[in-house]
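Participant: Chains as they are written, first to last, in our numbering: chain P, 1 to 151; chain S, 152 to 268; chain G, 269 to 450.
Please note that a few of the clues may not be correct.
Unchecked claim - These stretches of chain S come out as covered by chain G in the derived footprint (C-beta under 8 Å, 3 or more residues):
{"no.": "1", "segment": "173 to 184"}
{"no.": "2", "segment": "202 to 216"}
{"no.": "3", "segment": "232 to 239"}
Because the hints were derived from the structure by calculation, they are not lab data. Everything numeric in this text was worked out from a predicted model, so none of it was measured. In this text, a Cβ means the ideal position worked out from N, Cα and C, and glycines have one as well.
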Amino acid sequence: MSKEHDRGMSVIVKTVTRLTVGLILLYGIYIILHGHLTPGGGFAGGVIIALAFINLDLAFGGSAAAKIFSKRNTGLVEALGAVMFLTLALLGMKYGGFFDNFLHPDGNPGQLVSAGIIPLENIAISLKVGAGLFGIFLTLIVLQKFESEKK
Amino acid sequence: MNAYMPYVLCMILFSIGIYAILSKRNIIKIILGVVIAEYAVNLFLVLVAYKVGGRSAIFSETQVILPESMVDPLPHALVLTSIVIGLATTAFLIALAIRLYGKYGTFDITRMRELRG
Amino acid sequence: MIELYVLLGLMIAGAIIAIEVRNLLSAVVAVGIVGLALSIIFLLLKAPDVALTQIVVEIVAVILLIRATLHREIAQKSCGTRPFGAFMGILFLGLAVVAAIVTFSSGLSPFGEPLMTVSRFYPLNAIAGTGATNVVSSIILDYRAYDTLGEATVLFTAVIGVLTVMRSVGKKKEEDLQENHE
Chain P
1 MSKEHDRGMS VIVKTVTRLT VGLILLYGIY IILHGHLTPG GGFAGGVIIA LAFINLDLAF
61 GGSAAAKIFS KRNTGLVEAL GAVMFLTLAL LGMKYGGFFD NFLHPDGNPG QLVSAGIIPL
121 ENIAISLKVG AGLFGIFLTL IVLQKFESEK K
Chain S
152 MNAYMPYVLC MILFSIGIYA ILSKRNIIKI ILGVVIAEYA VNLFLVLVAY KVGGRSAIFS
212 ETQVILPESM VDPLPHALVL TSIVIGLATT AFLIALAIRL YGKYGTFDIT RMRELRG
Chain G
269 MIELYVLLGL MIAGAIIAIE VRNLLSAVVA VGIVGLALSI IFLLLKAPDV ALTQIVVEIV
329 AVILLIRATL HREIAQKSCG TRPFGAFMGI LFLGLAVVAA IVTFSSGLSP FGEPLMTVSR
389 FYPLNAIAGT GATNVVSSII LDYRAYDTLG EATVLFTAVI GVLTVMRSVG KKKEEDLQEN
449 HE
């Protein structure tokens with residue numbers, strides 16, 4: 001455990017990270033939820049959320065974020081995103097076709113709750129992109145670091 | 152000729168990426184070449200979509216924005232997906248490079264060929 | 269549009285530096301410059317969605333490139349060029365630029381005047397058809413959601429590919445970790 005404390009960057013970086021990671025996460029969620037109103041959307045928001053976890057991992061070293069999100073959990077979340085996206089697409093077949101926007105008449109354009117299934121699809125895409133990229137990061141970097149320490 | 156100048160500069164950028172892929176021996180430099188060529192392709196699609204004096208393709212609640220004044224939104228949508236795919240393929244190339252390094256102990260592709268032969 | 273040309277020049281200079289510099293860390297940082305300049309160009313070309321995505325993706329790409337490969341001390345120096353490949357590359361560069369000038373000036377509509385024969389439909393119908401004020405969002409998630417489905421498939425395949433390529437290392441790692449723990 002003491003090894004875990006030695007890893008990572010200096011106290012300044014750790015403190016700043018502790019203060020800002022929540023804000024970065026919040027910004028990512030904002031970008032996702034307002035994807036149908038303002039610039040952004042599932043792709044950018046998902047990458048920002050992945051970046052928040054990557055930031056945690058880089059600042060605290062080793063597997064700080066891997067405790068919250070293990071490799072298995074990233075796989076689960078990514079599959080959840082894919083299943084959610086496909087379910088929304090298949091539900092549209094009941095109303096008119098694959099990817100039919102069946103919730104569309106609810107809400108006025110410009111409101112947060114509007115545009116039918118587009119916000120839901122944004123959430124699905126963000127889960128998929130964020131979890132996928134964080135899984136790649138864990139595989140490429142955290143495991144690699146263990147290897148270089150072993151040698 | 153001036154009307155086509157951004158396209159030509161974009162093509163030069165793409166050629167620099169291709170040159171790196173063809174000529175470099177270090178595998179990291181080859182990955183960087185792939186990344187640069189990919190940026191050039193994305194840039195070309197967005198350059199094609201630009202309209203002089205156009206607005207970005209977002210409507211507003213408080214302001215009247217004419218649909219005719221917008222830039223072409225379709226290439227933006229294509230590029231948006233292309234960027235994320237590019238990151239994923241770059242990560243895959245990095246994974247291949249790491250495995251090659253683990254096997255041969257070098258990033259030099261010419262030396263890898265010698266070891267195999 | 270002078271700032272567009274300045275930024276394009278910066279991108280080309282950054283690309284040349286990234287290709288030719290000997291230190292690999294400098295090369296990766298130069299590619300970061302190219303990506304950030306690209307993000308500002310997207311903003312100038314009225315594509316805020318693409319600019320936002322590009323800037324975050326660029327950061328992730330630079331982190332991956334630096335942390336995954338360059339912590340090996342041996343890999344700090346690049347190993348030069350292949351003469352034949354360099355010759356072919358320069359030949360390709362010349363041919364590509366000549367072909368670009370010929371083709372663009374004959375076939376493509378000039379910069380700043382898009383044709384928009386197909387995509388005129390989207391801004392006109394986006395609000396009534398989908399209710400989304402962001403037209404790009406309505407295209408990628410409603411009109412052309414098949415594109416996004418294909419993108420999700422490619423991303424999934426790439427993640428699976430990375431996991432497969434790195435797998436045997438991962439298994440050994442877990443065993444080692446357990447041994448250390450015990």
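Participant: Indicate, hint by hint, whether the structure satisfies it.
Facilitator: Results for each hint:
With 10 residues bearing a CB less than 8 Å from a CB of chain G, the segment 173 to 184 of chain S meets the requirement of three and the coverage assertion stands. For the segment 202 to 216 of chain S, the proposed coverage by chain G is satisfied: 10 residues have a C-beta within less than 8 Å of a C-beta in that chain, meeting the threshold of three. Proximity of the segment 232 to 239 of chain S to chain G, defined as three or more residues with a beta carbon under 8 Å from a beta carbon of that chain, is established by the 7 residues found.
Hint violations for this structure: none, all hints satisfied.
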